[in-house]
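> For reference, each letter of the sequence shown is one residue, going 1 to 414 in this note's numbering.
These are calculated hints, taken from the structure and not from any lab test. For each residue, glycine too, the CB sits at the ideal point set by N, CA and C. Some hints could be false.
[What the hints assert, rightly or not] Derived DSBU-like pairs (lysine-lysine); straight-line CA-CA distance at most 35 angstroms:
| no. | residue 1 | residue 2 |
| --- | --- | --- |
| 1 | 19 | 367 |
| 2 | 151 | 58 |
| 3 | 235 | 138 |
| 4 | 182 | 47 |
| 5 | 291 | 19 |
| 6 | 98 | 87 |
| 7 | 214 | 185 |
| 8 | 151 | 47 |
| 9 | 98 | 410 |
| 10 | 235 | 182 |
| 11 | 185 | 353 |
| 12 | 182 | 277 |
| 13 | 291 | 185 |
| 14 | 47 | 154 |
| 15 | 7 | 98 |
| 16 | 182 | 367 |
| 17 | 138 | 98 |
| 18 | 19 | 98 |
| 19 | 182 | 244 |
| 20 | 151 | 138 |
| 21 | 154 | 138 |
| 22 | 87 | 58 |
| 23 | 182 | 151 |
| 24 | 410 | 277 |
| 25 | 410 | 47 |
| 26 | 19 | 214 |
| 27 | 291 | 214 |
| 28 | 7 | 87 |
| 29 | 277 | 185 |
| 30 | 182 | 362 |
| 31 | 47 | 58 |
| 32 | 98 | 147 |
| 33 | 98 | 367 |
[Said to hold, decoys possible] Beta-carbon label-pair distances, calculated as ranges:
| no. | residue 1 | residue 2 | range |
| --- | --- | --- | --- |
| 34 | 128 | 232 | 29 to 35 angstroms |
| 35 | 248 | 386 | 39 to 45 angstroms |
| 36 | 29 | 55 | 24 to 30 angstroms |
| 37 | 117 | 209 | 35 to 41 angstroms |
| 38 | 221 | 16 | 46 to 52 angstroms |
| 39 | 16 | 114 | 33 to 39 angstroms |
| 40 | 264 | 50 | 56 to 62 angstroms |
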Amino acid sequence: MSDFRQKALDYHALPTPGKISVELSVPADNVEDLALAYSPGVAEPVKEIAADPNAAYKYTAKGNMVAVISNGTAILGLGNLGPLASKPVMEGKALLFKRFAGLDSIDIEVQHRTTEEFISTVANIADTFGGINLEDIKAPECFEIEKELIKRCKIPIFHDDQHGTAIVTAAGMLNALEIQGKNIKDVRIVCLGAGAAAVACMELLIKCGAQREKIYMLDRQGVIHTRRDNLTEHKALFANNTDKRTLEDVMDGADVFLGVSGPDLLPPEVLELMADKPIVFACSNPDPEIKPELANAVRDDLIMATGRSDYPNQVNNVLCFPFIFRGALDVRATQINDEMKVAAVEALRNISKEPVPDEVLKASNTKSLSFGRDYIIPKPMDPRLCQRIATAVAQAAIDSGVAQIDELPKNYLA
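Using the sequences plus the hints, can you model the full thing?
Printed below as a string of structure tokens:
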């Protein structure tokens with residue numbers, strides 16, 4: 001057993017099993033406390049909530065609580081291992097919500113026979129929470145699940161594997177294009193992978209200015225084009241009217257490569273075909289589509305990003321999802337819409353261009369960081385992320401009409 005594997009197992013098992021627990025937020029030390037906490041005192045907020053459901057935000061933990069929900073059909077890079085096997089990942093997500101945004105979170109793993117059963121289960125418990133983070137659900141079911149839950153629920157529903165990935169990717173990509181002197185409206189983009197993350201990344205880049213006809217998406221059968229049969233609804237959105245069929249074909253002269261597929265799928269000789277000053281986001285985890293050392297040896301003019309923390313420019317969802325929920329919940333948003341996602345992109349972009357605090361340099365084990373080819377997105381430990389992204393998201397929710405509180409919380413303005 002490797003040393004790291006044992007450390008990981010010990011981390012999850014000791015000193016008590018798991019990574020999260022429940023703590024009390026009020027005293028429960030005497031008979032009077034218990035009378036207030038339960039019977040008979042609890043009857044008073046019950047009656048208030050029965051008269052006005054919004055009172056639940058005043059008298060319960062609903063407004064600061066996020067559920068992390070999965071069916072375990074797409075666990076990390078491990079695949080469909082079932083709901084129970086996904087629990088360590090979901091607990092980890094709950095840990096990140098608490099650590100980075102102060103949000104209480106509980107994981108829920110759902111067994112079901114049909115997609116409708118999963119949707120109904122989640123919809124029926126949704127009112128318990130302020131928001132729901134869907135996690136590790138395979139495509140194409142994840143698209144239907146999120147779409148239907150947004151219809152049925154009055155709280156934010158967010159599939160982080162789609163939208164968290166897309167937001168961080170878009171922020172990093174726009175900054176990389178700026179550094180390389182390229183306009184997103186003009187660039188040719190190759191996306192290797194056609195799952196949930198790939199589709200969400202491309203759709204958000206289009207909202208940021210990319211041209212759909214200049215995007216070439218590939219799945220296991222090659223380029224997705226208009227003459228292919230049996231394309232899913234979401235793949236069909238990216239069916240390009242082209243005679244190009246292979247990765248080599250579409251990479252010749254391409255400006256941008258985004259990999260959300262698998263390890264070592266971008267050969268160095270194919271990377272060489274890209275246009276001057278290319279951008280390569282090789283985000284397969286833990287092993288990227290091409291290793292940065294190899295990519296930099298082939299092209300000394302590229303900007304490179306991966307999903308790993310041991311290389312520059314880590315594309316990591318923790319840069320946004322805790323803070324998006326923080327902002328959404330603090331103004332009681334009923335959904336997380338495109339305006340809120342774009343606001344998060346712009347907030348992330350702007351933080352990258354500012355001087356980096358000393359505490360971030362220390363946590364990153366580096367002496368200096370400045371906006372450039374090796375620093376296009378912030379580090380996850382940056383303390384500015386929560387306030388800046390939450391504020392941008394909350395304001396976008398207000399401006400777009402999905403917030404139930406029409407002004408920012410006072411602590412946002414401090």
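> Does each hint fit the structure? Answer for all of them.
Consistency of the hints with the structure:
Note on residue 19 and residue 367: the hinted pairing holds, with a Cα-Cα distance of about 32 angstroms set against a maximum of 35 angstroms. Under the criterion of a C-alpha separation no larger than 35 angstroms, the hint pairing residue 151 with residue 58 is consistent with the structure, at around 25 angstroms. Between the alpha carbons of residue 235 and residue 138 the distance comes to roughly 14 angstroms, so the proposed pair stays at or under 35 angstroms and holds. Distance hint between residue 182 and residue 47 is unfulfilled; the C-alpha atoms sit about 60 angstroms from each other, more than 35 angstroms.
This hinted pair checks out: residue 291 and residue 19 have alpha carbons roughly 32 angstroms apart, not beyond 35 angstroms. Pair hint residue 98 plus residue 87 holds up; C-alpha atoms about 17 angstroms apart against a cutoff of 35 angstroms. The hinted pair formed by residue 214 and residue 185 meets the criterion: a straight-line CA distance of about 9 angstroms does not exceed 35 angstroms. Pair hint residue 151 plus residue 47 holds up; C-alpha atoms about 28 angstroms apart against a cutoff of 35 angstroms.
Under the criterion of a C-alpha separation no larger than 35 angstroms, the hint pairing residue 98 with residue 410 is consistent with the structure, at around 21 angstroms. Between residue 235 and residue 182 the alpha-carbon distance is near 27 angstroms, which keeps this suggested pair within the 35 angstroms criterion. Distance check on the hinted pair: residue 185 and residue 353 sit about 22 angstroms apart at the alpha-carbon level, within 35 angstroms; holds. With a C-alpha separation of about 9 angstroms, the suggested pairing of residue 182 with residue 277 holds against the 35 angstroms cut-off.
Restraint check for residue 291 and residue 185: satisfied, since their Cα atoms lie roughly 28 angstroms apart, inside the 35 angstroms limit. For the hint linking residue 47 to residue 154, the alpha-carbon distance of about 21 angstroms falls within 35 angstroms, and the restraint holds. For the given pair, residue 7 sits about 22 angstroms from residue 98 by alpha-carbon distance, which is consistent with the 35 angstroms threshold. Note on residue 182 and residue 367: the hinted pairing holds, with a Cα-Cα distance of about 29 angstroms set against a maximum of 35 angstroms.
Restraint check: the Cα-Cα separation between residue 138 and residue 98 comes to about 26 angstroms, which is no more than 35 angstroms; the hinted pair holds. For the proposed pair residue 19 and residue 98, the alpha carbon gap of about 11 angstroms is at most 35 angstroms, so the pair holds. With a CA separation close to 24 angstroms, the supplied pair residue 182 and residue 244 stays within the 35 angstroms bound. Straight-line distance between C-alpha atoms of residue 151 and residue 138 comes to about 20 angstroms, which keeps the hinted pair within the 35 angstroms bound.
For the hint linking residue 154 to residue 138, the alpha-carbon distance of about 24 angstroms falls within 35 angstroms, and the restraint holds. For the suggested pair residue 87 and residue 58, the alpha carbons sit about 30 angstroms apart, so the restraint of at most 35 angstroms is met. Straight-line distance between C-alpha atoms of residue 182 and residue 151 comes to about 38 angstroms, which puts the hinted pair past the 35 angstroms bound. Between the alpha carbons of residue 410 and residue 277 the distance comes to roughly 44 angstroms, so the proposed pair goes past 35 angstroms and is violated.
The hinted pair formed by residue 410 and residue 47 meets the criterion: a straight-line CA distance of about 29 angstroms does not exceed 35 angstroms. Distance hint between residue 19 and residue 214 is unfulfilled; the C-alpha atoms sit about 44 angstroms from each other, more than 35 angstroms. Of the pairs offered as hints, the one joining residue 291 and residue 214 holds, with about 26 angstroms between alpha carbons and a cut-off of 35 angstroms not exceeded. Taken as a hint, the residue 7 and residue 87 pair is honoured in the structure, with Cα atoms around 18 angstroms apart against an allowance of 35 angstroms.
Only pairs whose Cα atoms come within 35 angstroms are accepted, and residue 277 paired with residue 185 is accepted, the gap being roughly 16 angstroms. Of the pairs offered as hints, the one joining residue 182 and residue 362 holds, with about 32 angstroms between alpha carbons and a cut-off of 35 angstroms not exceeded. For the hint pairing residue 47 with residue 58, the CA-to-CA distance comes to about 13 angstroms; that is within 35 angstroms, so the pair holds. With a C-alpha separation of about 26 angstroms, the suggested pairing of residue 98 with residue 147 holds against the 35 angstroms cut-off.
Distance restraint check for residue 98 and residue 367: the Cα-Cα separation of roughly 29 angstroms lies within the 35 angstroms cut-off, and the hinted pair is therefore satisfied. A C-beta distance of roughly 33 angstroms is found between residue 128 and residue 232, which places it inside the suggested range of 29 to 35 angstroms. For the pair residue 248 and residue 386, the supplied restraint of 39 to 45 angstroms holds, since their beta-carbon distance comes to about 43 angstroms. Residue 29 and residue 55 have their C-beta atoms about 27 angstroms apart, which keeps the hinted 24 to 30 angstroms range intact.
Range check, residue 117 to residue 209: about 40 angstroms between beta-carbon atoms, so the 35 to 41 angstroms window is met. About 48 angstroms separates the C-beta atoms of residue 221 and residue 16, a value consistent with the hinted range of 46 to 52 angstroms. One distance hint, 33 to 39 angstroms for the beta-carbon pair residue 16 and residue 114, holds here, with the actual separation near 36 angstroms. Hint check: residue 264 to residue 50, Cβ distance near 59 angstroms, so the stated range 56 to 62 angstroms holds.
Comparing the model with each earlier hint shows violations of hints 4, 23, 24, 26; every other hint is respected.
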